Every structure is written in C-alpha cells, then in structure tokens.
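S.K.: These protein sequence lines are chains A and B, in that order.
This note's numbering runs 182 ahead of the 1-based position in the first sequence.
This note's numbering runs 1074 ahead of the 1-based position in the second sequence.
The hints are simulated quantities; they were obtained by calculation from the structure and are not laboratory data.
None of the values given here were measured: they were computed from a predicted structure.
For glycine and all other residues, C-beta sits at the position ideal for the given N, C-alpha and C.
Check the hints yourself; a few may be wrong.
[What the hints assert, rightly or not] Here are the in silico distance ranges between beta carbons for each label pair:
| id | chain 1 | residue 1 | chain 2 | residue 2 | range |
| --- | --- | --- | --- | --- | --- |
| 1 | A | Met473 | B | Asp1332 | 55 to 61 angstroms |
| 2 | B | Arg1234 | A | Pro241 | 49 to 55 angstroms |
| 3 | B | Pro1260 | A | Arg199 | 20 to 26 angstroms |
| 4 | A | Ile322 | B | Arg1234 | 45 to 51 angstroms |
| 5 | A | Glu317 | B | Pro1387 | 40 to 46 angstroms |
| 6 | B | Ile1232 | A | Lys312 | 42 to 48 angstroms |
| 7 | A | Arg199 | B | Ala1382 | 55 to 61 angstroms |
[To be verified] Derived list of chain A stretches under chain B, where covered just means 3 residues or more per stretch with a C-beta under 8 angstroms from a C-beta of chain B:
| id | region |
| --- | --- |
| 8 | 372-378 |
| 9 | 382-396 |
[As the list claims (entries may be wrong)] Reference excerpt, derived from the structure (chain B facing chain A, CB under 8 angstroms, subset only):
| id | residue |
| --- | --- |
| 10 | Met1136 |
| 11 | Leu1138 |
| 12 | Lys1172 |
| 13 | Arg1174 |
| 14 | Lys1176 |
| 15 | Ser1179 |
| 16 | Met1180 |
| 17 | Phe1182 |
| 18 | Glu1184 |
| 19 | Ala1187 |
| 20 | Leu1189 |
| 21 | Asp1190 |
| 22 | Glu1201 |
| 23 | Thr1205 |
| 24 | Pro1209 |
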Amino acid sequence: MKMVKVKGRFRGGESPRIRELAFILNRIRRSPLSIAGIIIVLFFTFIAIFAPVLAHPQPNRDPYMMPRYGFSPIPRPPGPDFLFGTTEGQYDLYYGIIWGARTAYRIGVLVVAVSMIMGIVIGSIAGYYKGVIDEVLMRITDIILAFPALILAMAFVVAFGRGLDSITFALILVWWPSYARLVRGEVLKITAEDFVEAAKAIGCSDFRIMVRHVLPNTIFPLIVMASLDIGSVVLTAAALSFLGLGAPTGYADWGQIISLSRNWITGAPGNPFAYWHTYIIPGVFLFLFVMGWNLLGDALRDVFDPMIRRR
Amino acid sequence: MQPPVLAEKEQLKVQDLMVRFYTYEGIVKAVEKAKLKLRLGETLGIVGETGSGKSVTALTIMALTPTPGKVEGGNIYFRLTSGEIVDVLKLRGVELLKIRGKEISMIFQEPNAALDPLYTVGDQIAEAILTHRLPEMLERVNQLKKKEADSFLMRLPIFRGIFEKRLLNQVVREEIVQLLRLMEIPDPERVLDSYPHELSGGMQQRIVIAIALACSPALLLADEPTTNLDVTVQAQILDLIMRLKQRFGMSIIYITHDMGVIAEICDRVAVMYAGNVVEVAPVKEIFKNPLHPYTKALLESIPKPGSAFKSIPGTVPNLVNPPSGCRFHPRCAYAMKKCSVEVPQLKEVSKEHNVACFLHGDA
Chain A
183 MKMVKVKGRF RGGESPRIRE LAFILNRIRR SPLSIAGIII VLFFTFIAIF
233 APVLAHPQPN RDPYMMPRYG FSPIPRPPGP DFLFGTTEGQ YDLYYGIIWG
283 ARTAYRIGVL VVAVSMIMGI VIGSIAGYYK GVIDEVLMRI TDIILAFPAL
333 ILAMAFVVAF GRGLDSITFA LILVWWPSYA RLVRGEVLKI TAEDFVEAAK
383 AIGCSDFRIM VRHVLPNTIF PLIVMASLDI GSVVLTAAAL SFLGLGAPTG
433 YADWGQIISL SRNWITGAPG NPFAYWHTYI IPGVFLFLFV MGWNLLGDAL
483 RDVFDPMIRR R
Chain B
1075 MQPPVLAEKE QLKVQDLMVR FYTYEGIVKA VEKAKLKLRL GETLGIVGET
1125 GSGKSVTALT IMALTPTPGK VEGGNIYFRL TSGEIVDVLK LRGVELLKIR
1175 GKEISMIFQE PNAALDPLYT VGDQIAEAIL THRLPEMLER VNQLKKKEAD
1225 SFLMRLPIFR GIFEKRLLNQ VVREEIVQLL RLMEIPDPER VLDSYPHELS
1275 GGMQQRIVIA IALACSPALL LADEPTTNLD VTVQAQILDL IMRLKQRFGM
1325 SIIYITHDMG VIAEICDRVA VMYAGNVVEV APVKEIFKNP LHPYTKALLE
1375 SIPKPGSAFK SIPGTVPNLV NPPSGCRFHP RCAYAMKKCS VEVPQLKEVS
1425 KEHNVACFLH GDA
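Only chain A is shown next, with the shape it has when bound in the complex (with noise of 0.2 angstroms):
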C-alpha cells in the first residue's frame, strides 16, 4: 500500500526515463542507510564547496595551508577562539579540517575517475578483442595487482618524490587495473549476450555497438565501485600522508594532520586524553567521509542490482 502511495507521488510524466527515476528515488526512500550516506557525503559536498566562506583564508597565502598561531608544540584545547583547537605548532585545526575535506575531494574522485576512464578504455579493448591482446593486458593488470596496494603505492611515491600529487599519480597506477578487470568481465559478459547479435543483424557498426549497447550495460557496477573507491582512496592517501609520504607539514590534509598528533595520542603524564581533539577530530571525519561513501555505494547497488536482475 505504502509503495502505491509513493509512486503516485512520483508518477509525474508518462515520460519513460521519469518512471524510472522514480522507482531508483523510491528504492533510496525505503532505505535510511542509504539516507544517512546521501546524507552525509552531500554534508560533505557542502564544505568542500564553501571552504572559503566556513574557513576565511588569509589573503595572499596558500589557502590550502593551515594558519598558524604561534609556535608552541604544546596543542591548545577546543574553545572560544579555536572551534576546535590547535594541534601540534599552533596550526588551526577547524580550518584544517575544513579545507581538507576539499583535499579529500581531489585526492578521491581525481583518482577514482582516473582510474575508472583507464579501466573502461583498457577494460573494453581487452574484453572486445580477446585473445593476445586481453592476454597482453590482463597480465600487466595482474602484476600490479599482485602487490599490496599500500605498498606498492608507497613505493611510487618515493620513486616520484613526497607531495600530493605524487600521492594521486601513485594511487592512479596502482587503482585501475581493479577497473579494467571490473570492465573486461562486464563486456565480456554482455558481449555475449543475444541483443549484441541482434544489433550486429541490425547493421550496427563494431563502435557503435561498443558505446550504445556494450558500455551502458557494464556501467552499474562501475559506478557502485567508484562510489566505495573514492572512501577509500581518500584512506589509502590519509594513510601514505600519515607516514609522512604525503603533503607537506601544514597542509590542510586530514592524514596529514593526524600525524602531527602522533606526538600526542599518549595524553599527558596522568590524562591520557589531554590531545584527544587533534586525533579524535580529524579521524572522526576522515571515518565519516568513507563511511558516507560506503553507505552511498550501498545504496546505489540496492537500486542497480534489482534493475541487472529484472533484465
């Protein structure tokens, strides 16, 4: 009864595309899970978007770097002045946190969509014309996939020499083979399906073929894994920022801010929570954005699988 109602709300034009939005937006509606990850990367979306106006930069300085105030290693607890306090050196933690969720931005979807434009091309070149080539290419992907991805990431890294964008060059090379192999089996999967030989009976040319029937066919998964990625390419760079791999000190970089804590995780003698503020607030936002990301992955393989099944 509850689902009559809802459609009725949507039913909107007799628009095909419409219909179909409104069975994807009331597949999200019955789900809070799905809610709460919507919820929290557009909460997300949004301070990245107004940085500058949540986060005045000062003028003529990288806005990127965290203001410092003074020079004391000591961190200064949440208060009036600092929402929520400095950390080690007097860096402003809120605007570091602030600015950083742009620099998780960058860091995910630029790697994700890389990655996932890598994928497609090399995927579907290897899925469409099989043999030595597939053979060729499979196999570089399987080099890079036989080593761990923290790893071999780091490894590039040093080899490019520390800085973010070493950091997403790195995380590029090491990502997209997932995305080809994801590719590769989808259009071979699909290629075998009856409606790409009655497109060929039709006269559709090879490309055509590829781009209209092939690819929009392989796209859900896709998008699902992208959506799961981009949470954890931000905790892979957080991590190789952590090791001190990453952005330069200062950098509003969430991983990067963690590790000027490191000195401050053991508390002072007798309260080992004196710092808590420049560990428990950087982290308790770099597990929301993924965590946001997940549930949003969740969600979207909720409203495509039915649609892969119903086929």
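Since chain A is already given, all that's left is putting chain B on it; use the hints.
M.R.: This is chain B only, laid out in the frame that chain A set:
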C-alpha cells in the same frame, strides 16, 4: 559469358558451406558442405536436433558466424533488392553493415534476451530505422518543414537544429507506430515508451519482429522464434509472420525442431543432421514420403496420442570427431558397409526431392 550464379527466381543459394570451430578440444566440424536454395518469396524450414548446425548456418548467411567459428569454404549467393547478386562471404566491413538489417534480418529464439534492457522498445526500433533509412526519414522531415512558414525563429541555426531534430523524432515515431500497428500491437503509443521487461514474451517477440522488418528486408531468418512461447501465443506469432510475409513479400528461412510448425508454415523443408543437409523436399512430400532414414526417425519421434513414444537410438555425434562416411550411419537402421566409408551426396531422386543417402538414387 558465365551463367548467372542465381537462377531467375532464386533469392539465396548456399553452396558447399563449411564452418569449423577451433576449440580447445579440437576442431568442431559444425557445418560440412551444406547446400541450400531459396526461391523468391518462399518459406524454407530447416529442421534438425540441437547441434545440427541450423543456427550456425543461419548466422553465417549474415556473415555473423559465432566465434570461434570460421568459414572454411563455400559460397553464399544472395540477391539484393536492387537485383544485384553478391557473395555474402566475400563482403567486408561497411558492405556487410549495409546488408544486415536492410536486406537480411533475423529474429531470435529469446525475445527477452534479444532486446537491450536499457532502452525503450521505441528507441530500439528507431535504431534499426535510423541505421538504414535515415535519408528517407530526412526527406520526410524536409517535406514537413516546407509546410512550416518561414518564421523568424527558423532563421536562427540553433532553433532550426532543435526543430529539425524534433521533426525527425516525430517522423520516426510515426513510422514506428505504423510498424507496431502492422505487428498487431494494441495501443502502440504506449508500448513504444515501454522497456522490454514491461512487456510479455509474445509482445517482446512482436517487437523483435518489428525491428527485423523495420527496413523491409528481402530475407528473414527466423531462429526458433516461437520455441519459448506459449502454444497459443506461438500460433498468433506464426500467423503474424505469415501475414507479414505476404505484405512485405519477403523470403523466410525458418529454423525449428518442431515438425508441427514446419507443416504449418513452410513451402519446403531442409533436414539437417550433424552439420549436413540430408534431405530437401517440399513440405507435403517430406511428411508423405520421407526418404532419408533420419527424416523418417524424426517424424516417427513426434509424440502421438495412443501410441508408444519412439526416440532415435543413440546420440548426436561429437562433431570434433564425426563418424566417417555418412554421419548418421551409427544410428541408422539401414546402414550398409558403404555408409561408413563414403559420404553420400545430395541428389535429386524425384522432382524437387533431394536426399543424401545410398538407399536412394542410383549411386
């Protein structure tokens, strides 16, 4: 001057077609020296068990031999609507794309799988129309455009572009609605905007047929189009195909293993066994006077009420290593010594009746 490869009234001629599949287990000799002939406007049935090479033959007529299959020999002569005769197997690239869907179309066994789940059926029919009949559609757009007054907006290129696009959509849509009416689909305006999963199997098959007939092909290949449908729906679809055949004046190759369907719609029948065409005859002749032992066995194995069920002893041979001589001889009740040594050739034993068996004819 050489005699023409196709006689006056012939649509298609398959000569000594050989298709082999190169697999890990070995070379599968899927189609071996198959011969077929199809006259203009004729319905030819191809019957045979699973794995007898019927579908491979049909796909090869469109040069769509499934991988890892390779055509190893033979010719497929086809008469285009323009009257020109081509060998499909010698065509390459764009020439082939022009024939597929326009001259030769195909309908499939599973309508559900033959439609892309992501697009509305209207989009999919439009794809077929726009692939081959774009100039015709643009011509209609131009005629419509002339009727529109030369208003101010039309002088702006952007508006003209949008306007033309909309007109094209409208023209194609009208064409599709007409096509769907021909398919006897009720409420075509609504069906047009449905996704394949929203339609029943019979409806889906009508859509598949509509896609195949969108460009009025000369030859329709029907690969067991009714096997997966209810008996009542099957009757409707067969009826529809026969009516459309009259209307479009096309030839049909109908692949099935259902002798009942054959009796219903075909003019002539070709019986295939293990990649060979073993008997070709007019449909009445096949039922009245089957000559090849396999055809006889096949007809006897049709379940009849009141009599015990008969099956053909043995199994379809493995085509990696087919039996020597006549491929049917291990299962044949009339096998002679000669059968395991020599391959019988298809020869005419009476008018229009060809059979590949040493029991018949003088060889």
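S.K.: Could you check the structure against the hints above and give me the numbers of any it violates, in ascending order?
M.R.: Structure breaks hint 24 only.
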